[in-house]
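Enquirer: Using the sequences and the hints given, assemble the complete structure.
Taken in order, these protein sequences are the chains called F and E.
Letter by letter, the first sequence follows residues 1 to 170 of this note's numbering.
Letter by letter, the second sequence follows residues 171 to 351 of this note's numbering.
Just so you know, the hints here were simulated from the structure itself, not pulled from any lab data.
Watch out, some of these pointers could steer you wrong.
[Claimed, not checked] Listed below are several chain E residues computed to face chain F (Cβ distance under 7 Å; list not exhaustive):
hint	residue
1	Thr177
2	Asp189
3	Val192
4	Leu193
5	Ala195
6	Arg198
7	Val199
8	Val321
9	Pro330
10	Val345
11	Ile348
[Stated by the list, open to error] Label-pair ranges, simulated between beta-carbon atoms:
hint	chain 1	residue 1	chain 2	residue 2	range
12	E	Arg198	F	Met151	20 to 28 Å
13	E	Asp322	F	Met151	34 to 42 Å
14	F	Ala35	E	Ser347	30 to 38 Å
15	E	Gln263	F	Arg162	29 to 37 Å
The structure displayed is predicted, hence computed values, not measured ones.
All residues carry an ideal CB built from backbone N, CA and C; glycine is no exception.
Okay, here's what each chain looks like letter by letter:
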Amino acid sequence: MRRVLAGDTRAYARLVERYRDRLARYAVRMLGDLADAEDVVQETFLRGFRSLERCRPDGFGRWLFGILVNRCRTHAAQRSRRRELVVNNEAAVANASVERAEPQEWQQAIEWALEQLSPDQREAFLLKHVEDLSYDEMEQLTGARVPALKMRVFRAREELRRLLMETVRG
Amino acid sequence: MERLIETLKEPVQLSPDFDARVLAAVERVAEDAHRTRSVTSIAGWLRGRTIRLSPLGASGLAAAIVAAVLIGSSIVDREAAPAPPRPAAAGDQVQMTQFVLVAPEARSVAVVGDFNDWNLSATPLVREAGDGMWWITLPLSPGRYRYAFVVDGTTWQSDPDAPAAEDEFGRPSSVVSIGGA
Chain F
1 MRRVLAGDTR
11 AYARLVERYR
21 DRLARYAVRM
31 LGDLADAEDV
41 VQETFLRGFR
51 SLERCRPDGF
61 GRWLFGILVN
71 RCRTHAAQRS
81 RRRELVVNNE
91 AAVANASVER
101 AEPQEWQQAI
111 EWALEQLSPD
121 QREAFLLKHV
131 EDLSYDEMEQ
141 LTGARVPALK
151 MRVFRAREEL
161 RRLLMETVRG
Chain E
171 MERLIETLKE
181 PVQLSPDFDA
191 RVLAAVERVA
201 EDAHRTRSVT
211 SIAGWLRGRT
221 IRLSPLGASG
231 LAAAIVAAVL
241 IGSSIVDREA
251 APAPPRPAAA
261 GDQVQMTQFV
271 LVAPEARSVA
281 VVGDFNDWNL
291 SATPLVREAG
301 DGMWWITLPL
311 SPGRYRYAFV
321 VDGTTWQSDP
331 DAPAAEDEFG
341 RPSSVVSIGG
351 A
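Expert: This is the structure:
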């Protein structure tokens, strides 16, 4: 960060390399589309660069992730039309089985199931179980209170379980 | 559920040129910031100075300013940015303030606010080539300004990256404070 602040913009490549994978994983899971996710992660890095002077060196990663969570919310809200699902849902769900699914079918079934959650539930579930954040950290990131976040995570788990079990029975 | 979470934790594969695209965009932002700092430092140098010129010198200076503006316009590789809505008064500690909205599907975006009398046509944003980012940099004097974005001339939108502001008409708007105001 010191090198970047001193004007060496190429040093920012190290920061991109360090944080890119985590940001991309969250954005892809949240938005369900690789191209959208890449756009949002790029915006996040640009906003991070523009505001680098205001960030504490030891908190850059967390701060960047906070920008990403907000950008994902904004991006989802700005999509005026419901995007076409990346996967062929019907075929994916019909072919998926929790017990013996081929990796690709299982992946598609998960993407479909995540898509069925409300954005709030999907966000809470990913932050808790994929990013391994505490509820206090989630509260700081999202602005939602801890009891509401716990309820969202609970409902998301129940809904995902129900959706994926249906694929087995189906 | 454990298998699902395990799958979701797996890394995703980005486009091979992703890092290069990000860094190219960062370079562009850095160049813009450098230009802005140059303009600000020239303004700072001029501020508070009294320049006395003969009529011949004045016409020479005017010609030089016109040339500088023309050269500056040709350097900027975007559409010509509109003039600031209200020039800061002499002696003001002007701060260059950037307004940014991501709106890939918008045909036009303008910013309206206390600084341009909420004029819909005064301050259109410029679209960044290649992505959905609209932006403009305005010189603002110290103060607290309420503002909003207007997409396609009709849709009012607050700034998702700024605090919300009260609007007596019930429209979404945001607030920006310059100079600790």
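Enquirer: If a hint holds in the structure, say so; if it doesn't, say that too.
Expert: Cross-check of the supplied hints:
1. A distance limit of 7 Å between C-beta atoms decides the matter here; for threonine 177(E) the minimum to chain F is near 6 Å, and the interface restraint holds.
2. For aspartate 189(E), the shortest C-beta to C-beta distance to chain F is roughly 6 Å, which falls under 7 Å, so the interface hint holds.
3. Taking 7 Å as the C-beta cut-off, the interface hint given for valine 192(E) holds, the closest approach to chain F being about 5 Å.
4. The interface hint given for leucine 193(E) holds, since its Cβ lies 6 Å from the closest Cβ of chain F, which is under the 7 Å cut-off.
5. Satisfaction of the interface hint for alanine 195(E) is found here, the shortest Cβ-Cβ separation to chain F being roughly 6 Å, below the 7 Å cut-off.
6. Here the hint on arginine 198(E) is broken, as its CB sits about 9 Å from the closest CB of chain F, past 7 Å.
7. A least Cβ separation of about 6 Å between valine 199(E) and chain F falls short of the 7 Å threshold, and the interface hint therefore holds.
8. Given the 7 Å rule on beta carbons, the hint for valine 321(E) is violated: about 9 Å separates it from the nearest Cβ of chain F.
9. With a least beta-carbon distance of about 4 Å to chain F, the hint placing proline 330(E) at the interface is held under the 7 Å criterion.
10. Evaluation of the valine 345(E) hint against chain F yields a violated restraint, the C-beta minimum of about 17 Å exceeding 7 Å.
11. A distance limit of 7 Å between C-beta atoms decides the matter here; for isoleucine 348(E) the minimum to chain F is near 15 Å, and the interface restraint is violated.
12. A hinted range of 20 to 28 Å is violated for the C-beta pair arginine 198(E) and methionine 151(F), which are about 43 Å apart.
13. In this structure, aspartate 322(E) and methionine 151(F) meet the distance hint of 34 to 42 Å, their C-beta atoms being roughly 37 Å apart.
14. Between alanine 35(F) and serine 347(E) the CB atoms are about 36 Å apart, so this pair conforms to the stated range of 30 to 38 Å.
15. Remark: the range hint 29 to 37 Å for glutamine 263(E) to arginine 162(F) is contradicted by a beta-carbon distance near 59 Å.
In summary, the numbered hints that this structure violates are 6, 8, 10, 11, 12 and 15.
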